[in-house]
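> So the sequence lines, in the order shown, correspond to chains A and B.
For the first sequence, position 35 matches number 35 in my numbering, and the numbering has no gaps at all.
For the second sequence, position 83 matches number 1083 in my numbering, and the numbering has no gaps at all.
Just so you know, not all the hints are guaranteed correct.
[What the hints assert, rightly or not] List time: in silico BS3-like cross-link candidates among lysine-lysine, alpha-carbon distance up to 27 Å:
id : chain 1 : residue 1 : chain 2 : residue 2
1  : B       : K1041     : A       : K69
2  : B       : K1015     : A       : K3
3  : B       : K1015     : A       : K69
[Unchecked claim] What the simulated footprint calls covered on chain B by chain A, stretch by stretch (three residues with Cβ under 8 Å from a Cβ of chain A suffice, anywhere in the stretch; the number is not a length):
id : region
4  : 1038-1045
5  : 1105-1111
[Unchecked claim] To give a feel for the contact side, a few chain A residues facing chain B, derived at Cβ under 10 Å:
id : residue
6  : Y87
7  : G103
8  : A104
If you are wondering where the hints come from, they were derived from the structure by calculation, not from laboratory data.
All values derive from a computational prediction rather than experimental measurement.
Ideal Cβ placement from N, Cα and C applies to all residues, glycine included.
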Amino acid sequence: LAKTTQPISMDSYEGQEVNITCSHNNIATNDYITWYQQFPSQGPRFIIQGYKTKVTNEVASLFIPADRKSSTLSLPRVSLSDTAVYYCLVGGLGTGGFKTIFGAGTRLFVKA
Amino acid sequence: EAGVTQFPSHSVIEKGQTVTLRCDPISGHDNLYWYRRVMGKEIKFLLHFVKESKQDESGMPNNRFLAERTGGTYSTLKVQPAELEDSGVYFCASSQDGRVYGYTFGSGTRLTVV
Chain A
1 LAKTTQPISM
11 DSYEGQEVNI
21 TCSHNNIATN
31 DYITWYQQFP
41 SQGPRFIIQG
51 YKTKVTNEVA
61 SLFIPADRKS
71 STLSLPRVSL
81 SDTAVYYCLV
91 GGLGTGGFKT
101 IFGAGTRLFV
111 KA
Chain B
1001 EAGVTQFPSH
1011 SVIEKGQTVT
1021 LRCDPISGHD
1031 NLYWYRRVMG
1041 KEIKFLLHFV
1051 KESKQDESGM
1061 PNNRFLAERT
1071 GGTYSTLKVQ
1081 PAELEDSGVY
1091 FCASSQDGRV
1101 YGYTFGSGTR
1111 LTVV
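Bound conformation, chain B alone (with noise of 0.2 Å):
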């Protein structure tokens, strides 16, 4: 079974400019959640897809942040613009259930804003 597939791994890209990461849920997983650290602090809970539907986005920092999961299959998320406190790991999970242990992890996109 395919794990969790995140793209890119790193991004580097300027102040201001936009970018856009991908998840690849684990293949039935309804349930998608996207999280991130930035340097030195936790890691933050951003917003929890059920299918296509946004079930919690309350951790989304600003409207610079747009998530999608059309199809309910692969999701995005794209800052624009980007600013230089947006750098930091960005992870995805899917489970199946919602279930807290049922949470498959990917290995994260590296986002650094110069």
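Only chain A is shown next, with the shape it has when bound in the complex (with noise of 0.2 Å):
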């Protein structure tokens, strides 16, 4: 299964664009990279998901490169409400069970 590698922490201010960058080296050809939110005392929730090149929908983009061995989540304009954990997972797609592997993921503050 493919570890993931984020930043631990990102500083920002609102209406500034923010790049999270996970890598995955080991990234296995049947992988899909979904990323989710965590807010305190909630569960995770989800964001956007993609294989490669480029994914948008209403709240962010997602970036990956040919090699799929890194994916950058974009937040456009930010506010004060998007600080929370980002959480970056890799695992592959279909039925069945799969164990999807939660890293330590990315704390974004976003500062007014």
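Take each chain as given, in its own frame, and dock them per the hints.
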């Protein structure tokens, strides 16, 4: 199972774009990359998922280079409410079970 | 659509006692997962149900933990007898087809064993 490495913490200011990079050097061919957000006293919340190139939804973009050994979550114009822990996960797609490995996550702190 | 619901939200028990945690997944989600985070550690996978069957229980720490999902609806996770190191937050998640992007997590049960 691919292990992920992320920065432990990041600081930003309201209105800025935040990019969080995750390394997953041992990603397998059928693995997808998924990002979750977690606020205190809540469970993780799905943000975005991708396999390669770029994926964009209403809250974030995910950039994945051709070798797929890393990925970058981009949060446009963050607000104070984006202060949370962000997890990068790598796992296989399909039916049946697989162990989803959570890393330590990146604690993002957005300041006014 | 109701989310994943976990009961209780907090539980404080003495060492040696039994505690049962409950998870109600999103209706129609065949896949149900249990995770936990013990103090200061990362979120760890415990097990995965597909309907009422245990698909993968390799993350269960020992035989003091018993998970059930009778009828393929809600699930329970029993800890008997509880030990101090079992303290932490237990999360449940469900998904429709087992794919990672479909996971919806509950808010967790904070278990404290004293």
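> Which numbered hints does this structure break?
Going through the list in order, the structure violates hints 2 and 3 and respects the others.
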